[in-house]
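Undergrad: So the sequence lines, in the order shown, correspond to chains E and H. When we follow the working numbering, the leftmost residue of the first sequence carries the number 6, and every step to the right adds one. When we follow the working numbering, the leftmost residue of the second sequence carries the number 6, and every step to the right adds one.
Any given hint could turn out to be false.
Pairs count within a copy or across copies, as identical chains cannot be separated in the list.
Below, in silico cross-link-like pairs of lysine to any residue (SDA-like), each with a Cα-Cα straight-line distance of 25 Å or less [what the hints assert, rightly or not]:
hint: 1; residue 1: Lys29; residue 2: Ala48
hint: 2; residue 1: Lys203; residue 2: Leu25
hint: 3; residue 1: Lys203; residue 2: Ala49
hint: 4; residue 1: Lys57; residue 2: Leu19
Just so you know, the hints here were simulated from the structure itself, not pulled from any lab data.
Number of protein chains: 2
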Amino acid sequence: MPQAIERVLSEPVLDQTMRLFWAKGYAQTPIEEIVAVTGFNRAAIYSRFGGKRELFLAMLARYRERITERLLEPLRTHDDGLAAIEAFFRQLSTLPELTQHSMGCLLVTTASDQANLDPEASALVADYLDELTTLMRAALGRARDQGQLDAAVDIQASADFLATHVLGLMTLSRWPAPARTLHSQVEEILHYLRGLEKN
Amino acid sequence: MPQAIERVLSEPVLDQTMRLFWAKGYAQTPIEEIVAVTGFNRAAIYSRFGGKRELFLAMLARYRERITERLLEPLRTHDDGLAAIEAFFRQLSTLPELTQHSMGCLLVTTASDQANLDPEASALVADYLDELTTLMRAALGRARDQGQLDAAVDIQASADFLATHVLGLMTLSRWPAPARTLHSQVEEILHYLRGLEKN
């Protein structure tokens, strides 16, 4: 009977395990490296945690809770809807510098890697995408209520567009993309938002 | 000494092998399925082609040549730069319906999956991203020369933004994303382009 992973591994080891999957994705993370990081041998990883897949799903949930929840903060906290979206993208563009690695986002990597393959991973990713789109729509809704947006703006379509751009930025930042490319995109998001504003 | 894969496998088998990697990505494609599709056993895959990785790199190059070159056509052929970009995104939004699968793009999946891991796969992806961005920049350049764009538009930043959105759309379309979401994004791209136009 597998034990709750969080009760067995210490916080630093949980973080290291999460970063291992974050850097390489599920399929490309060798079990040998999981053994090295956790200090449990293969047999113990299966008997104690239920296996590599179960460990991955737990780390994906941890990533969602620890990393993306913090990144989504600006969308939640700014009363000014357009400023919220700007602050969110500005923070995103500095992510490779913050993490000191071109690791993108574990959820987006999983979307590309596992979406069609593992229903539980797929559900975790879908849930995150839903939340991202919902927060974008709420921020656009606040902007509309504050009279900032043109009446013709389709809030849902615009939220889908912005969330999709996040997928693109995260794919690009898994890559040694020049910081210039990421930073200049914040300006383009602002062009897009200005295109939605009331004249 | 591995033989040229194209001389050994027939066109339909090459296409099936390419679609196998397209659907699952490199790491998640089991060697057993490659054996089933190609009719060569494991040992023959290694002795004749050099192995799974070499077969994948050849299929990635084939995908680039057969699939993406055709998708990039509208960017090349339209004299009207903004119409070229619109036609390209319109076609992209129908991709899941065209391919009858949520398979996204093999190059974008590889960008997420392999970018930091395999230098040859990484070079093929970088080359494609360069071409996509260059074609976007050229289309925007034509629009500017035709007096369609505001003088303040940064053509390079705008091309980077559009190319990044392609990465996002392709990640989303690896997913059973509702067609509505993909189609409505063409309208948002048009909003963005209108934001670049001369008043």
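Undergrad: Tell me the numbers of any earlier hints that the structure contravenes, in ascending order.
TA: 2 and 3
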